[in-house]
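Novice: As a plain string of letters, each chain reads:
Number of protein chains: 2
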Amino acid sequence: MAHTRITRTAVLTFEHISEVVRAVGLDRFMDDIISGLSCAGANLDPEATVVLERSGFQYTKPDVGLIEWMPSMELGRAVGIKTVGYHPTNPTQRLLPSVMSTTSIHDTSTGQLTALVDSTLLTALRTGAASAVVTHILASPEASVVGIVGAGAQAVTQIHAISRVRQITRVIAFDTDPAVSATLASRLPLSVPVTVVETAAEAIALADIVCSATTVDIGAGPVLPDCGYLPHVHINAVGSDFPGKVEVPVALLRAAFVVPDDPPQCIREGESQQLELSELGPSLPELISNAGQYEHFQQEISVFDSTGWSLEDLIVAELALDHARQLGIGMFIDLQSTPTDPYSPYEDVLG
Amino acid sequence: MAHTRITRTAVLTFEHISEVVRAVGLDRFMDDIISGLSCAGANLDPEATVVLERSGFQYTKPDVGLIEWMPSMELGRAVGIKTVGYHPTNPTQRLLPSVMSTTSIHDTSTGQLTALVDSTLLTALRTGAASAVVTHILASPEASVVGIVGAGAQAVTQIHAISRVRQITRVIAFDTDPAVSATLASRLPLSVPVTVVETAAEAIALADIVCSATTVDIGAGPVLPDCGYLPHVHINAVGSDFPGKVEVPVALLRAAFVVPDDPPQCIREGESQQLELSELGPSLPELISNAGQYEHFQQEISVFDSTGWSLEDLIVAELALDHARQLGIGMFIDLQSTPTDPYSPYEDVLG
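Chains as they are written, first to last, in the numbering used here: chain A, 1 to 351; chain B, 1001 to 1351.
Derived from the structure by calculation, the hints contain no laboratory data.
Be careful, since some hints might not be right.
Claimed, not checked - Simulated DEER-style distance windows between Cβ atoms: (1) A:T92 with B:L1350: 32 to 40 angstroms; (2) A:S289 with B:L1026: 52 to 60 angstroms; (3) B:P1264 with A:P264: 19 to 27 angstroms; (4) A:L327 with B:L1026: 40 to 48 angstroms; (5) A:Q326 with B:R1008: 51 to 59 angstroms; (6) B:G1076 with A:D217: 16 to 24 angstroms; (7) A:D63 with B:R1325: 21 to 29 angstroms; (8) A:N290 with B:G1076: 30 to 38 angstroms.
Unchecked claim - The calculated SDA-like cross-link candidates involving lysine to any residue, where the alpha carbons are at most 20 angstroms apart (straight line), are: (9) A:K61 with B:P1046; (10) A:K61 with B:E1074; (11) A:K61 with A:R94; (12) B:K1061 with A:A48; (13) A:K61 with B:L1075; (14) B:K1061 with A:G76; (15) B:K1061 with A:E202; (16) B:K1061 with A:R94; (17) B:K1061 with A:L95; (18) A:K61 with B:L1052; (19) A:K61 with B:V1050; (20) A:K61 with A:T114; (21) B:K1061 with B:Q1298; (22) B:K1061 with A:D45.
All residues carry an ideal CB built from backbone N, CA and C; glycine is no exception.
Kindly produce the complete structure, drawing on both the sequences and the hints.
Specialist: Right, here's the structure in full:
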């Protein structure tokens, strides 16, 4: 079996990703994602970068769940496709995260799969980082109190990411499961006082910044109160990612400056399901590109409708791959190859 | 780092696939795919099996190419997504096959990636098998002469697959590159006389069954002659997979009974681009389900518009995985996992 070209696929498993993040340092890795997103958003050239809306399968058997794909392309270089599963019963029934995902990266010269990256941690990180980018632009510069509604895995990366752009002095946390909010402090990578409260209203009352990240059932939302917010509150709503699932009351959205990460996707499955396209503010890249223009919203109510933007996944996967390459972390698999004669598909089989 | 659940992803590289096919036997493996497709087509329950049209990125830089994804779901069990690159300059410029692909399989209970399978050979095999399924139904029972237009990699699996459903006594082959048609006989897994001819008209003149599998440029087709066919010819047109790329003249299509594998996809990028939806015959699964009803077309001109049906990829990948499991072939990667506490995304990083 002679092969003129062996094509190597880089694989980063969850252990490799952890190793990379430990080696780089969690704070620096988060900072890199935040600046990577800011940079990509500010320099987005629609001729060179194509970001598609995700699509996928949604189902109610065996349990409610979905499997979707989130594609983006840097023209002339790479296509990234993150495949993500969202299965809200995973943590309680299977001791698995509700969101599990992998990102595949393909060379646009050859079609080869150049890399496969476990993206469960990376997705949590980039979701935090996206909130940090928007929080940096839209939250009060003096914002210091973070209110949490939904204290699971996403809350951890939200608080961590926000701590990189604002000086957090206090977290006030609510979860429908008190056992979850009780452990939030111990799961954070920073030292900050966490007050556990019994209602969402208490969590948001003193908050300069609110993060909602719940697994509320379809049709059961919203989870945030209608009123009782500080007049300058910035809300990162990261839980909506499914038609019918919402966290923010429509009256609050209507009163707020709303930034959808990906407008058509947000209209379909984000908080913006409750709005018309004309009621939305700028998209995430538009906000980043014209940040100065929106600074006055730091003193008003703003909502980041974060459904997950496909380009975030390509950026964070390539960041992890770059660090892994430099650190010598990861494995390579001879996944795809070619017979000596590309016209002879059976060469290896008959040879 | 304590993990309550390590999730193993089965990986089949090109070498594992070759090993499986060698162990099972090429003919038996092809027969298994042919009967797997026939069976799936005959029993297709739209409530249980969801096949989506492919979508993807098409581009002209650095060269003309595309990267697409082809998703299908067996409800309550698995989602399969084949990601495929088509880069027609691969063989001449990079010694790589023009079509390279991998299939990922996801568990619909958890979202986990259960398998990653190199699908370059499997795609060629299932494309052959799909033609064999249709040829079995629509070609004359006495068909014995196969005319080939485009003698590259796909021609090999077309001829092989057809040989499993009809007694082939002769192949007449044309390729725009005489060096390619000259080696066709040596690349086949069966012994059959191959006559190399200098025009497509000669390749089809005596053929009971024609296979067109070319990399004709967008806008440069068709490649098959308008006329000169036997009155009962069955044509498997497997090359069209890109808007603007066609192999069969529209007059011939209009005169023929046309079976699109996936009608909306064929209308968009197959031979059926040249037709209205109302001019199409039954889809591949409809043809299989009602084969008896279409038997009289064995004596008339018929065209199989084969663009690639997503379910074919799930079937062939799972067939390979089943054989691999039984044979103990393949590797497992601990790709995705979970911290002890699914609410603690940083557990491994900080631990």
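Novice: Between K61 (chain A) and R94 (chain A), is the straight-line Cα distance small enough, at 20 angstroms or below?
Specialist: With a Cα-Cα distance of about 16 angstroms, the restraint between K61 (chain A) and R94 (chain A) holds, given a limit of 20 angstroms.
Novice: Please verify whether K61 (chain A) and P1046 (chain B) have alpha carbons no more than 20 angstroms apart.
Specialist: Given pair K61 (chain A), P1046 (chain B) holds - Cα atoms ~15 angstroms apart, limit 20 angstroms.
Novice: When you check the alpha-carbon spacing of K1061 (chain B) and Q1298 (chain B), does it fall within 20 angstroms?
Specialist: Distance of about 44 angstroms is beyond 20 angstroms: violated.
Novice: Should the hint that G1076 (chain B) and D217 (chain A) are 16 to 24 angstroms apart at their CB atoms be regarded as holding?
Specialist: 20 angstroms, holds
Novice: Does the structure keep K61 (chain A) and E1074 (chain B) at a Cα separation of 20 angstroms or less?
Specialist: The hint holds at about 11 angstroms.
Novice: Given the proposed pairing of K1061 (chain B) with E202 (chain A), does the C-alpha separation stay at or below 20 angstroms?
Specialist: 55 angstroms, violated
Novice: CA of K1061 (chain B) to CA of L95 (chain A), is that 20 angstroms or under?
Specialist: 45 angstroms, violated
Novice: For the pair supplied as a hint, K1061 (chain B) and G76 (chain A), is the alpha-carbon distance within the 20 angstroms limit?
Specialist: Since the Cα atoms of K1061 (chain B) and G76 (chain A) sit roughly 5 angstroms apart, the hinted pair holds (cutoff 20 angstroms).
Novice: Is K1061 (chain B) within 20 angstroms of R94 (chain A), Cα to Cα?
Specialist: Between K1061 (chain B) and R94 (chain A) the Cα gap is close to 45 angstroms, so the pair fails against 20 angstroms, i.e. violated.
Novice: Quick one, are K61 (chain A) and V1050 (chain B) close enough, alpha carbons at most 20 angstroms?
Specialist: Cα-Cα ~13 angstroms, so holds.
Novice: Range hint 32 to 40 angstroms: satisfied by the CB atoms of T92 (chain A) and L1350 (chain B)?
Specialist: 23 angstroms, violated
Novice: Tell me if the straight-line CA distance from K1061 (chain B) to D45 (chain A) falls inside 20 angstroms.
Specialist: Given pair K1061 (chain B), D45 (chain A) holds - Cα atoms ~16 angstroms apart, limit 20 angstroms.
In the structure shown, a violation is registered for the earlier hints numbered 1, 5, 8, 15, 16, 17, 20, 21, in ascending order.
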